[in-house]
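*Asks:* Could you build the full structure based on these sequences and the hints that come with them?
Chains as they are written, first to last, in our numbering: chain A, 23 to 504; chain B, 23 to 504.
One should not assume that every hint holds.
Copies of the same chain look alike in the list, so a pair counts if it fits in one copy or across any two.
Mimicking DSS-like on lysine-lysine, the simulated pairs with C-alpha atoms at most 27 Å apart in a straight line are [what the hints assert, rightly or not]:
1) K501 <-> K281
2) K501 <-> K384
3) K403 <-> K281
4) K501 <-> K381
5) K501 <-> K403
6) K384 <-> K400
7) K403 <-> K384
8) K384 <-> K281
9) K400 <-> K381
10) K381 <-> K88
11) K400 <-> K145
12) K403 <-> K381
13) K501 <-> K88
Please keep in mind that the hints were generated in silico from the structure rather than gathered at the bench.
Bear in mind that the values here come from a model prediction, so they are computed numbers and not experimental data.
There are 2 protein chains.
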Amino acid sequence: MNYGIIAKVIGSLLIFEAAMFLPAFMAGVYYDETSSLVFLGVMLLTLVVGGILTRFTHSSRDIRAKEALIIVAGGWVAVSAFGALPFYLSGAIPSYMDAFFETVSGLTTTGATILHDIESLDKGILFWRSFTHWLGGMGILVLTLAVLPALGVGGFQIFKAETPGPVADKLAPKMKHTAVILYTAYFGITVLETVLLMFGGLSLYEALVHTFGTVGTGGFSTLNSSIGGYSSAYVQWVIAIFMVASGVNFSLYYAAYRKRLSDVFQNEELRFYLLIIITATMLIFFDLQWVFHGSVFTTLRHSFFQVASIMTTTGYATVDYEQWPVFSQSVLFFLMFVGGCAGSTGGSIKVIRLLVLVKLVKREIMHILHPRAMLPVKIHKRLLEADVIASVTSFYVLYLLIMAAGTMLLTLENIDIISAFSAVAATLGNIGPGFGFVGPTQNYADFSMPAKGLMSVLMLMGRLELFTVFILMTPDFWKERA
Amino acid sequence: MNYGIIAKVIGSLLIFEAAMFLPAFMAGVYYDETSSLVFLGVMLLTLVVGGILTRFTHSSRDIRAKEALIIVAGGWVAVSAFGALPFYLSGAIPSYMDAFFETVSGLTTTGATILHDIESLDKGILFWRSFTHWLGGMGILVLTLAVLPALGVGGFQIFKAETPGPVADKLAPKMKHTAVILYTAYFGITVLETVLLMFGGLSLYEALVHTFGTVGTGGFSTLNSSIGGYSSAYVQWVIAIFMVASGVNFSLYYAAYRKRLSDVFQNEELRFYLLIIITATMLIFFDLQWVFHGSVFTTLRHSFFQVASIMTTTGYATVDYEQWPVFSQSVLFFLMFVGGCAGSTGGSIKVIRLLVLVKLVKREIMHILHPRAMLPVKIHKRLLEADVIASVTSFYVLYLLIMAAGTMLLTLENIDIISAFSAVAATLGNIGPGFGFVGPTQNYADFSMPAKGLMSVLMLMGRLELFTVFILMTPDFWKERA
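*Replies:* Written as structure tokens, this is what we have:
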């Protein structure tokens, strides 16, 4: 194992993170908060530790698959560990484990919070909390894809592990180019949403914080009642639409920019994604109208907002959906297992995988009817190779095995099965709120320390496409080959 | 479509069923119950309808795949429709839909009941109710495999659709031989359990009824409190062990009889099956001891009984497991998605499929570590073909899609999500009891008629390995090829 190169890359990540404390520091200074000084201290510490790590020597500049996996998982843990310090040292979150949970939740764009009273915290602290969504959204490691090549490190293995979703379409021949493209789209959407929210009467600060939560599909808010705190229908629509936009494969924005519109409209994953959103919205809309007879547009807005929020794994809420009829709740419940498109900031199983799985079922039916026919599985007119199908299937199986194991462990907290099950779904799927004990009006504060540790691991697993983290727990991984 | 041959085979099934009313009639006569006359009437009616159907002419004696599928699904529905008549006409179950639900539940060896007060019913009626488990257990169509060849009909397609589980190992070159082997094992186990239960003080009637419920992995009892009504530890252990025995691939009993013991001990599915049972029993045992500090042997018995019951999809209960700590409940909850071995009378997803899926995950991990290695998936040292893996995967995906769709529909009954989810799991998996609204002390009486219809379909789907029923709902199936 080439530990030198691992230390070097993680060190670079920390130096990058140190710089990322600056915006939060500036927000604190602007609002004249003494707590902002904490950011300076933490920035210095992170810089020093990062600097020391980059001084490690290494024999070879090659990164093998194993090292890349350690860098990805270890990098997230290291960045979370330092990212938690401002919460802890400022006293905003008195327990370091809680601060770590909150930071992992932020960086993995989960949005599960242990905070009871968000509104009482300093604005600089809350800015950092939401900024972790934005940083995590694109993937800290994807952001540093432009940095790594400067170190002379070929980053393809990392990108393979890091890119959300199974189809890592090569956008451009070079990794660096890919990163710049995705980053530009991400930045553009961020600016657009911020401006649109400011038109709705939000301050720059509020607009930024909620944009971070949206484009990262995170879900941290500065209000105790989440987006329900903004009564403006305009603000709620803007956030809902941008949640949907952030669940789309970002490479499609590049395709649209390059005027390859047929690539966009004929994208099977996008169509399936929108089909599920529209169907789920309609189901909930009719259920709510049937039961409550409310205003049509209000009902439609709340239906669409909650569907977009859970489906894209953001986790914002405009209403307490646990007050809804059970049918509507069950629709949201199963949306927890869908997620965004591959190449988006959304988590969970992801639309492309479900599309492949549904196609497998269809093929099986055709196979029974026509046993001698050759029946390939195609996406975007391209044949899916056997190992892509195997990878999708294994992911799905492992996802549900982890769901089962995680739920059993969480029931040791003596919460009911649906609370435990949805807490695991909400953390593994990087969603945030679930049902019951972790419903939209609840939070994760009352779990025990071991449970918070378990859910931190689940959030990391979910964000890093399971195998990246899971493989580190297998004995085979640590066996050095002769 | 060769409708003549379909009518003919279903007609033969009904004639067979008519004969099967006899034991229940005799039980009724023995206990001097007037309701037993109903069996005579129903027997006559079934015989006449069956006779008329067998008179249909057909052009060809070949059964194509499509016709075989219609025979399997249609046969189960027809036999259930006539099997429901004694309940309805005797007044034991005043609603025909309820009687149909109860019969489907019996024949699919589910054991979900709509009856509130079982003990008030006539013994002949209850005998028939439990006898449907025994008939269904081996599969009415497998039982008639010896009849079909006499009609000159090649039954292989039917066996393929009917045999529980994906690995239809050819036990013996001829279908008829296979049927005789499985039937002998089934009959032997039935006699053995009946005798052992009689040693425990049960009357022949009680012993038979509970043996039917056990070997068919059904779960209908004659007591309102299920097996909890027998305080004898001996009786509970006998039933628990026979439940486990009935979840084993019956061809292994033939292997044992032929002294091919290494085939038995090295059977990977059997080992995995026993491993899951032992692990789950231990987890629940320690959880219960930790919380309740009860007698060690009593706790062990109840842990093992409930694990064996849910895992093999029988559904008997000795205690109300909803009074257990949530961890133990969650272990039982996830066992609902395991089921028996292929070639047993157990339902649900089945151990062999889970074994294949776990091996797929293991292979994926090895593939990430050693990208260039050839990594075949093997069971019993034999390579699994790509289409067997595709079939297992599709089954699993379809199972969970049906779970989701079924749960959403059932929440329209305004029961909580876990009740709806477990009701679907308990019917689709042919288990019987679930959690909450369908817990072990509850029943299915209070569902609406549409919900009972839906769950009847789910029970049939589960029993006929999903695709057999699901495929009939696709438009492609009904398209006649030019």
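*Asks:* All the hints need checking, so say for each whether the structure fits it.
*Replies:* Verification of the hints:
1. For a Cα distance limit of 27 Å, the shortest separation of K501 from K281 qualifies neither inside one copy, at 49 Å, nor across copies, at 41 Å.
2. Within a single copy, K501 and K384 get their C-alpha atoms only as close as 41 Å, which misses the 27 Å cut-off; across copies the closest is 16 Å, which meets it.
3. Taking the closest pair of Cα atoms, K403 and K281 come within 27 Å of each other only inside a single copy of the chain (20 Å); across copies the shortest separation is 54 Å, beyond that limit.
4. In the homo-oligomer, the alpha carbons of K501 and K381 lie at most 27 Å apart only across protomers (20 Å), although the nearest pairing inside one protomer, at 37 Å, exceeds that limit.
5. For the identical chains of this complex, K501 and K403 are inter-copy neighbours only, at 25 Å across copies versus 41 Å inside a copy, given an alpha-carbon limit of 27 Å.
6. Proximity of K384 to K400 under the C-alpha cut-off of 27 Å is found in both arrangements, the shortest distances being 12 Å within a copy and 25 Å between copies.
7. Proximity of K403 and K384 under a CA criterion of 27 Å is satisfied intra-copy only: 16 Å inside one chain copy versus 30 Å between copies.
8. Proximity of K384 to K281 under the C-alpha cut-off of 27 Å is found in neither arrangement, the shortest distances being 33 Å within a copy and 43 Å between copies.
9. For the homomeric pair K400 and K381, the shortest alpha-carbon distances inside one copy (8 Å) and between copies (25 Å) are both at most 27 Å.
10. Proximity of K381 to K88 under the C-alpha cut-off of 27 Å is restricted to the inter-copy arrangement: shortest distance 21 Å between copies versus 32 Å within a copy.
11. For the homomeric pair K400 and K145, neither the shortest alpha-carbon distance inside one copy (50 Å) nor that between copies (58 Å) is at most 27 Å.
12. In the homo-oligomer, the alpha carbons of K403 and K381 lie at most 27 Å apart inside one protomer (13 Å), although the nearest pairing across protomers, at 30 Å, exceeds that limit.
13. Taking identical chains as interchangeable, the C-alpha atoms of K501 and K88 lie at most 27 Å apart only when both belong to the same chain, with a minimum of 11 Å there against 52 Å between chains.
Checked against the numbered hints listed earlier, the structure breaks hints 1, 8, 11; every other hint is satisfied.
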